[in-house]
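Number of protein chains: 4
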Amino acid sequence: MSEQALAAVKSALTSQRIETPSWAYANSGTRFKVFAQPGVPRAPWEKLDDAARVHAHTGVAPVVALHIPWDRVDDYAALAAYAGERGLTLGAVNANVFQEDDYKLGSVTHPDPAVRRKALDHLMECVAIMGATGSRDLKLWFSDGTNYPGQDDIRARQDRLEEALSAVYERLGDDQRLILEYKLFEPAFYATDVPDWGTSYAHCLKLGERAKVCVDTGHHAPGTNIEFIVAFLLREGKLGAFDLNSRFYADDDLMAGAADPFQLFRIMYEVRAGGGLEPDAGIAFMLDQCHNIEPKVPAVIRSVMNVQEATAKALLVDREALAAAQRAGDVLGANGILMDAFQTDVRPLVADVREELGADRDPLAAYAASGWAERIAAERVGGEQAGWGA
Amino acid sequence: MSEQALAAVKSALTSQRIETPSWAYANSGTRFKVFAQPGVPRAPWEKLDDAARVHAHTGVAPVVALHIPWDRVDDYAALAAYAGERGLTLGAVNANVFQEDDYKLGSVTHPDPAVRRKALDHLMECVAIMGATGSRDLKLWFSDGTNYPGQDDIRARQDRLEEALSAVYERLGDDQRLILEYKLFEPAFYATDVPDWGTSYAHCLKLGERAKVCVDTGHHAPGTNIEFIVAFLLREGKLGAFDLNSRFYADDDLMAGAADPFQLFRIMYEVRAGGGLEPDAGIAFMLDQCHNIEPKVPAVIRSVMNVQEATAKALLVDREALAAAQRAGDVLGANGILMDAFQTDVRPLVADVREELGADRDPLAAYAASGWAERIAAERVGGEQAGWGA
Amino acid sequence: MSEQALAAVKSALTSQRIETPSWAYANSGTRFKVFAQPGVPRAPWEKLDDAARVHAHTGVAPVVALHIPWDRVDDYAALAAYAGERGLTLGAVNANVFQEDDYKLGSVTHPDPAVRRKALDHLMECVAIMGATGSRDLKLWFSDGTNYPGQDDIRARQDRLEEALSAVYERLGDDQRLILEYKLFEPAFYATDVPDWGTSYAHCLKLGERAKVCVDTGHHAPGTNIEFIVAFLLREGKLGAFDLNSRFYADDDLMAGAADPFQLFRIMYEVRAGGGLEPDAGIAFMLDQCHNIEPKVPAVIRSVMNVQEATAKALLVDREALAAAQRAGDVLGANGILMDAFQTDVRPLVADVREELGADRDPLAAYAASGWAERIAAERVGGEQAGWGA
Amino acid sequence: MSEQALAAVKSALTSQRIETPSWAYANSGTRFKVFAQPGVPRAPWEKLDDAARVHAHTGVAPVVALHIPWDRVDDYAALAAYAGERGLTLGAVNANVFQEDDYKLGSVTHPDPAVRRKALDHLMECVAIMGATGSRDLKLWFSDGTNYPGQDDIRARQDRLEEALSAVYERLGDDQRLILEYKLFEPAFYATDVPDWGTSYAHCLKLGERAKVCVDTGHHAPGTNIEFIVAFLLREGKLGAFDLNSRFYADDDLMAGAADPFQLFRIMYEVRAGGGLEPDAGIAFMLDQCHNIEPKVPAVIRSVMNVQEATAKALLVDREALAAAQRAGDVLGANGILMDAFQTDVRPLVADVREELGADRDPLAAYAASGWAERIAAERVGGEQAGWGA
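As you go down the protein sequences, you meet chains B, P, G and D in turn.
Heads up, this note's numbering is the position in the first sequence plus 63, with the first residue counted as 1.
Heads up, this note's numbering is the position in the second sequence plus 63, with the first residue counted as 1.
Heads up, this note's numbering is the position in the third sequence plus 63, with the first residue counted as 1.
Heads up, this note's numbering is the position in the fourth sequence plus 63, with the first residue counted as 1.
One thing to keep in mind: the hints can contain errors.
Identical chains blur together in the list; that is why a pair holds if it fits in one copy or across any two.
[Stated by the list, open to error] When the alpha-carbon atoms are kept at most 20 angstroms apart in a straight line, the in silico EDC-like pairs for lysine to aspartate or glutamate are as follows:
(1) Lys301 <-> Glu442
(2) Lys269 <-> Glu299
(3) Lys167 <-> Asp393
(4) Lys96 <-> Asp415
(5) Lys269 <-> Asp237
(6) Lys96 <-> Asp165
(7) Lys301 <-> Glu418
(8) Lys167 <-> Asp403
(9) Lys96 <-> Glu447
(10) Lys301 <-> Glu225
(11) Lys269 <-> Asp343
(12) Lys269 <-> Asp238
(13) Lys96 <-> Glu383
(14) Lys301 <-> Glu233
(15) Lys73 <-> Asp381
(16) Lys301 <-> Asp237
(17) Lys301 <-> Glu341
(18) Lys96 <-> Asp138
(19) Lys301 <-> Glu66
(20) Lys96 <-> Glu249
No lab work stands behind these hints, which were simulated from the structure alone.
Given the structure is predicted, the values throughout are model-derived calculations rather than measurements.
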């Protein structure tokens, strides 16, 4: 690889921005049990403190996504300022219309207009918060759906969804975007109202230019080729964001790159090939994970590193050689060129990038040595630990 | 159920048209073995003879889909006339751009423009055939895809696909439609170029009003909610056709209704709810099955009956009561109303409908008694039996 | 069907015993939210009150499974007596070694021997409870497993599992059984220690005659043929119990028969064919469901009815005709005989059976008319509603 | 890594033996099309010629599996001698009881005893061939199963299977083994008679010491944790062989390591951890792949390299450090130790091993330079190319 090419790779890695979600620092679990961990934040401010550690060690995670109401505060401008003092900015505002009793049968697609109204009000509240936090993106995931055939009218729910999305979209400012996430199932176990990329895409298309699809890597049916979806959406100008995580089975929400690093590499390759790594592409690379049994801050660090390494490998693919092999119909040759990049050990390269960014060559060792884990375990006692329910 | 309501159900069942595919009467199998059967047609004419038996016994299968080149004849008008004499019409023309050596790496998405040209020529030939057969629909399934990551450029293949589809669409007459089928995998084992409904939908949207999606019930990832897709596409005016069959695992191509009769019922319910049973809805209900081990004509009869029975149950759903329960958020009540229809034994009702149509109350018994199976086994000797390769 | 045959069917239906789980009457939910319902029991006694209503209306649900510690009481003999006064008996004792903080990385397979000891103590406590409740079965489901490759030693965990099972098995009385459940995933997201029937079977084989496998119908990988497993285990004398529920995606825990009634019928057919409906077969037919959004008592009633109806259809299969068609290699004929039974509307037959048992022809209507729902909503106020966590 | 440790790794890699299947060199395809390739062997002798090239370039593929009748010759001793002259030995004899018309409804589980007899005769013929070829293993894969519920009696088919297996096992010599493969589906689409490892294991257990399970990496339901099965079978002494290949969807039969290299690594790690790499472990590492669109000899070379590299990474895992982290419950640490090995670029190490074996550092380049592809394309003209049907 030429010096120039290597410099371009490093430059791309240097400018990458990975967004970590505030809730990754909080307690999470399965329906069977939430195992609380020592040192877990008790308020959004402490989540930002943890996120700042992740950024300090990795150099590429300066953005933190919020989740309302989990991160509700009185003064969002103050929260943004607090973030800024730590080298962070506030990212996507994630709405939550699935945890109040009224939402048992849905939120914006609920058969009862009063519930829909309530849900819409919350979405509007989120738009208002974006103004205070300086967030670009309103991220919408609807758990809406049904558990039993016949329970509700599939089509009518689409009508209600369209109506709500349209109302929210109109409220957005010119620099703000609506990001619509899809998910195959859970918590709805029969029909989810936005179950796949096609549904999200179709709605975004109707909404307009600033409505984009979010690809959560754990939200697909088994066997789905996620990188195809990524390539397709990029081609259509409709990819807005990732929720990165990994899964062996369903929406397992494991650390990104932990279950299938080759898949993460293929996804990042399509992102690169489709121009998604360009700074003005507007793709948000967010983690969305649950660290149910592993300590949270180092798990986030590890995930950030995994995404970086997959990106580095994607950048190392020799695109000219690849294109030539593809044109020639050289199946093994083309595959081999892709695999060469994947097989490369990019850890030294990424360490160099980190060093140049003023972060650590070995972020996990640096974190372990920093004493942060011990400190938060000692200091964050009393109060209520943050979790999905609070 | 009121007399009037029952009459409406019968009327809907009487006007239903199920299209059988010419290749269902021919030999088929798996990659491991094609088990030839006695009496299998040796030419399109004989396929029509078999299809005429299916229609005679069931009364609702007067349309036969063709597959080119498997059904290539010198004179398509003569073939249409032959069909007409037997009470049949010719249905969709199914193109085949996957069985020539040139198509090893794709057809319309092949990296080599010469191969793309050849494939496009075949599609244009199919359009020409439609003129002679009086077919409304050009059905396109592309096996195009790749087996290995990196083998070809996912995005470039979409560009090529769009170009080919656009050229074909322009060639169609005002009363003709382009129906684009999707399939998750097989024969491509890494990335298929039209893998899901979203991809087909997006292309059809760009093409125009007369481009519609075909839902093959065996072409989805495990767990996919097919009736959701059906409801969604109907809402968007983009559902054009079904390829009905059933599966336990992948694209098993078993008889429709054989693997999950409840799913078939749910699908037909959404069709009904979305207006898809209306005569002017333009939805083609085609079977697309492989009778690898069971005798073909009775298997098609059985499949037609299964679709009819699922439709009958769908029509029996008390929509007013259902809507009321749905509005009330009565989960068990709404589900129960749907299940009531499913649990009903509709065989007597469908037998009545068949009798009124001049067909048989018990089509399988009538077929067995007709001696047709013995006759074709005795008469169709010599020559080459039709199959996928011929 | 002859009078004699019909009498045999009715007799089999009359003697069927469906076990309902105490936790089905309590609150449950997903990791996203537990929607509490009015009238939910606050103690095991109230769960038995609800179970008694289910039995009163259906006539075939006289057994109630317990879950320890969710159903922990001071005096289990008193609980059994309370059940007896309501026409109920106490069924399987279900152990719980997944909800204490110590179990974050496993229970009987945990790397730390102290945690294993604690888990084993709980299992021994359950055996002791069985003595007081008169329960035959100790049902063991281990959530044990790992979330990340390398997290623990797969093989060593099997060694630990074998050791614990062996110790528990030795503690059982001669009339008591150990029932080992398997589950593909959740809450473990990489490797579960008892992920499939083969693992459970292999352990039960080593343990001895009174160790049996439990088939939870929601615990398999997509596409798994559950009735094959049922037939296989019955042939080997190793099927001990069912946890009945239904799923579209993963372990959705919907009402039995709600997602795929044809599958439930096929399972019950294999049970019948393998002698599993015989009173001395020792197969426990337990429900294991979560009624997250629907009211619990009627949902359990509905599930019981669904199992009954599937059983009735299975009993209606003309086994002699089926065997003859199978011997003759008549694929369509044999399939048709099975389908005939499935297509039959057995609701009147099952209503007759219920009536003869002194229960209600229409259990759901009878329950609605009984005022029970209103009564428990009014009376059960204050205190803490039962759920998975209490 | 110490010199000593590195030497041990190299030694293990040097002694690895990968078995290639004769049919990988022949034409293969899907049910849609077999794309013939230039230079494909026309007889077993030519397959051995190709296999010899693979071994020459890689140094670790000296064994070739046969498939009867595809590799039927008059004189098997001569075939073995021919192999010997090329540095090869003949490996497992793979029986084929799925390609004759009689086997439409099964072979050893067919309802007709005459068909079962015929199938058994073929298995006995294979045992006889093993004597002449010096093969240790009889590999049995049965396509037996049913396509429709009710088609045949699931349990009776197990009885027939058990009878046939028992008869074959008794015929084996003391140094010969019966290897029973399982497969979820295809070509049977409802119930396969040996669908999973549990079924194969249960039969092997009854047969005796020399009956072992074969794990084909493409034969599982989505989400199945294959390395768990490998670890479990090794613990039980019942793992006999692998059929290595890779899949994204079903039994795609792509090159090993092509779809999920991390999974292949995890499998090889469990093999290593369970002692399966020891020379006396008796595990056969066979490829079983279809090179439908890529040239066959280099595809086999690539697959061998992929298996080698995965093995090398598995050998690099620091087991002591891993065990310590596991004991300490250090989730991230333990996972990190495993990932460290996976992230290592082992290509230079494996190239060294190859060089020491007298093979090529870059086998694919060496093959390309050898002119073999051009030579066989030029010389192997006329006659009938080998494929699955011949």
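Now for the hints, and whether the structure bears them out:
1. In this assembly of identical chains, Lys301 and Glu442 lie within 20 angstroms of each other by CA distance neither inside one copy nor across copies; the values are 44 angstroms within and 53 angstroms between.
2. Taking identical chains as interchangeable, the C-alpha atoms of Lys269 and Glu299 lie at most 20 angstroms apart whether they share a chain (13 angstroms) or sit on different chains (11 angstroms).
3. In this homomeric assembly, Lys167 and Asp393 come within 20 angstroms of each other (Cα to Cα) only across copies, at 12 angstroms, whereas the closest approach inside a single copy is 54 angstroms.
4. With identical chains, the CA atoms of Lys96 and Asp415 are never at most 20 angstroms apart, being 41 angstroms at best within one copy and 44 angstroms at best between copies.
5. In this homomeric assembly, Lys269 and Asp237 come within 20 angstroms of each other (Cα to Cα) only inside a single copy, at 17 angstroms, whereas the closest approach across copies is 26 angstroms.
6. For the identical chains of this complex, Lys96 and Asp165 are inter-copy neighbours only, at 12 angstroms across copies versus 24 angstroms inside a copy, given an alpha-carbon limit of 20 angstroms.
7. In the homo-oligomer, the alpha carbons of Lys301 and Glu418 never lie at most 20 angstroms apart, since the shortest distance is 34 angstroms inside one protomer and 50 angstroms across protomers.
8. For the homomeric pair Lys167 and Asp403, neither the shortest alpha-carbon distance inside one copy (50 angstroms) nor that between copies (25 angstroms) is at most 20 angstroms.
9. Taking CA atoms no more than 20 angstroms apart as the test, Lys96 paired with Glu447 passes in both settings, with 17 angstroms inside one copy and 18 angstroms between copies.
10. Proximity of Lys301 and Glu225 under a CA criterion of 20 angstroms is satisfied in both settings, with 17 angstroms inside one chain copy and 17 angstroms between copies.
11. Taking the shortest Cα distances, Lys269 and Asp343 never come within 20 angstroms of each other, neither inside one copy (23 angstroms) nor across copies (26 angstroms).
12. Taking the shortest alpha-carbon separations for Lys269 and Asp238, only the intra-copy value of 18 angstroms comes in at or below 20 angstroms, while the best inter-copy value is 27 angstroms.
13. For the homomeric pair Lys96 and Glu383, neither the shortest alpha-carbon distance inside one copy (51 angstroms) nor that between copies (32 angstroms) is at most 20 angstroms.
14. In this assembly of identical chains, Lys301 and Glu233 lie within 20 angstroms of each other by CA distance solely inside one copy; the values are 18 angstroms within and 27 angstroms between copies.
15. Only within a single protomer do Lys73 and Asp381 lie at most 20 angstroms apart by alpha-carbon distance; the minimum there is 15 angstroms, versus 31 angstroms between protomers.
16. Taking the shortest Cα distances, Lys301 and Asp237 sit within 20 angstroms of each other inside one copy (17 angstroms), while across copies they are farther apart (32 angstroms).
17. For a Cα distance limit of 20 angstroms, the shortest separation of Lys301 from Glu341 inside one copy, 15 angstroms, qualifies, whereas the shortest one across copies, 35 angstroms, does not.
18. In this assembly of identical chains, Lys96 and Asp138 lie within 20 angstroms of each other by CA distance neither inside one copy nor across copies; the values are 33 angstroms within and 27 angstroms between.
19. Proximity of Lys301 and Glu66 under a CA criterion of 20 angstroms is satisfied in neither setting, with 34 angstroms inside one chain copy and 52 angstroms between copies.
20. Both within a single protomer and between protomers do Lys96 and Glu249 lie at most 20 angstroms apart by alpha-carbon distance, with minima of 17 angstroms and 11 angstroms respectively.
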